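Protein chains in written order, with numbering that gives the first Met the number 0: chain A, 0 to 199; chain B, 0 to 230.
Worth flagging that the hints you see were computed from the coordinates, not collected in a lab.
Be a bit skeptical, because a hint or two may be false.
Claimed, not checked - Taking beta-carbon pairs under 8 angstroms as the criterion, some of the chain B residues facing chain A (in silico): (1) LEU8; (2) MET53; (3) VAL55; (4) TYR110; (5) LEU115; (6) ASN141; (7) ALA142; (8) ASP163; (9) ILE165; (10) PRO187; (11) TYR188; (12) ASN193; (13) GLN202; (14) LEU205; (15) LEU214; (16) LYS217.
Said to hold, decoys possible - Okay, derived cross-link-like pairs now, DSSO-like style, lysine-lysine, Cα gap no bigger than 27 angstroms in a straight line: (17) A:LYS59 - A:LYS153; (18) A:LYS59 - B:LYS47; (19) A:LYS153 - B:LYS126.
Remember, predicted model here, so these are calculated numbers, not experimental data.
For each residue, glycine too, the CB sits at the ideal point set by N, CA and C.
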Amino acid sequence: MNKLLGILFIGIFFCCAGSSHAGEIIQDELVNTTLLDKKIEKPEPFENYNFENTDVVEIKLAIVDAIKSENDVYEGQPVKFRVLSDVHYKGRLIIKRHTIVPAKVEVIIRSGMNGIPASIIFGDFEFEGINKHLISDTYEVRGQDRSLLVFPLKWALTILPPTGTFTNFIKGGHARIKSNKLVKIYYHPKWLMNNGKEQM
Amino acid sequence: MIKNFIILLAVIFMTVPAFCADNTEIVQEQTVQNKIDDIGTKLLNSNKIQERIMFVYDEADKKALLKLDTKMTSRRVFMYEGAYKFADNDDEIAAFLARGIVIAAKSFDGYFKGGLNSLQIAASPKKYEVIADKLAVDLMVNAGFNPLGLITYINKTVPQRRYDAISNKNLASKRLAFIYEYIYNKYPYFLVNNEYLENEHYQNFLLNSQNNRRLLMKKIETGSKEKIKYE
């Protein structure tokens with residue numbers, strides 16, 4: 000009996016030793032040193048949607064500080080928009096005029112060859128009391144699209160090789176947004192599955 | 000009479016296995032197609048993408064995986080058997096489909112009903128490769144998938160080129176670094192509560208991205224806003 004217990008004990012010991020060795024995995028030092036002490040919330044997925052309702056509310060915004068070029072901003076940069084006019088839904092005021100709306104520069108697309116314009120994608124709009132999943136996720140500002148000229152020119156020049164290739168070097172316009180540029184964001188108040196109750 | 004009966008039996012024996020094999024293949028394809036449809040449609044719905052995009056599972060093999068080809072700009076996302084076999088879980092399938100959705104959705108906006116955008120993507124695949132990666136992360140998170148699945152999927156499927164300066168593709172290591180930085184800045188939750196830390200492919204990514212993660216660490220420590228020149 001004792002012998003049996005002994006064998007069992009040794010077996011358990013080796014199993015534990017093996018599993019502790021298997022647990023030695025590469026740790027992400029970058030995360031451990033820079034993120035662990037921060038309060039981080041879990042991103043909430045949009046899973047309880049219900050697209051039955053067709054109500055849509057237009058929110059008119061303008062950026063507070065103009066951006067002259069995509070080179071002047073970085074991804075993740077906080078930006079502010081202001082609401083241009085009162086927003087009502089079913090006769091009720093839901094967003095006041097001049098309300099400041101924080102947002103972020105999400106993705107920057109640099110201008111490229113063939114006249115492809117630069118682009119700034121804004122997102123993460125934060126409206127007080129409104130579920131972020133019920134509003135447009137992003138708003139994109141694009142520079143001058145010169146590919147409209149480049150592609151026809153390139154094709155026209157194919158009969159004179161290699162001149163068409165030179166059109167590759169025409170770059171697209173910079174993405175800019177002035178403080179008087181109208182930005183439209185859409186709010187869908189009843190896209191959540193909660194027995195038709197209004198989300199505000 | 001007996002002779003005819005034997006001939007009939009022989010014919011039945013010869014044809015039935017062929018039918019069974021065909022049916023099994025069809026059922027298998029149907030199962031994969033349904034899975035791709037479910038994951039793809041969840042990505043569309045959770046991200047409120049109002050454009051109609053189809054998902055197609057095709058057994059035909061394709062040499063280059065995750066290519067931003069013209070088929071994607073035709074508003075259909077093709078997942079070939081060669082790409083599907085690398086996907087270990089739903090996160091990785093979602094990663095593949097999310098990239099396709101980003102490109103397909105772009106083909107709805109702009110001049111000529113999106114035709115010009117499709118041309119631009121075809122003319123500048125290197126640029127849109129990284130953008131598709133970043134936006135795919137957003138789509139995945141909104142739909143409840145873990146964006147680290149994109150890292151493991153690319154780590155498994157995209158070979159490392161020698162150079163990318165004169166190529167129309169980015170180095171896989173650069174793409175992975177950009178994705179990691181994007182997740183670090185926007186969705187750090189997934190790195191702090193890392194479900195992939197014991198995944199062999201994620202561990203391999205941690206191993207092969209040491210230098211790039213050091214560059215990111217330096218950027219964070221110095222508070223620099225400059226774009227990092229990843230290796």
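Against the structure, the hints:
1. LEU8: Cβ of LEU8 of chain B sits 56 angstroms from chain A, so the hint is violated.
2. MET53: Not OK, violated: MET53 of chain B not within 8 angstroms of chain A, min 18 angstroms.
3. VAL55: 24 angstroms, violated
4. TYR110: Hint holds; TYR110 of chain B Cβ to chain A Cβ min 7 angstroms, cut 8 angstroms.
5. LEU115: This hint holds: LEU115 of chain B lies near chain A, its Cβ roughly 6 angstroms from the closest one there, short of 8 angstroms.
6. ASN141: This interface hint holds because 5 angstroms falls under the 8 angstroms limit.
7. ALA142: This interface hint holds because 6 angstroms falls under the 8 angstroms limit.
8. ASP163: 15 angstroms, violated
9. ILE165: 13 angstroms, violated
10. PRO187: Since the shortest Cβ distance to chain A is 5 angstroms, the answer is holds.
11. TYR188: Because about 5 angstroms separates TYR188 of chain B from the closest Cβ in chain A, which is inside the 8 angstroms limit, the hint holds.
12. ASN193: Holds, because the Cβ-Cβ distance from ASN193 of chain B to chain A comes to roughly 7 angstroms (cut-off 8 angstroms).
13. GLN202: Because about 5 angstroms separates GLN202 of chain B from the closest Cβ in chain A, which is inside the 8 angstroms limit, the hint holds.
14. LEU205: 5 angstroms, holds
15. LEU214: 10 angstroms, violated
16. LYS217: 10 angstroms, violated
17. A:LYS59 - A:LYS153: 39 angstroms, violated
18. A:LYS59 - B:LYS47: Between LYS59 of chain A and LYS47 of chain B the Cα gap is close to 20 angstroms, so the pair holds against 27 angstroms.
19. A:LYS153 - B:LYS126: 20 angstroms, holds
Against the hints set out earlier in the document, violations occur for numbers 1, 2, 3, 8, 9, 15, 16 and 17.
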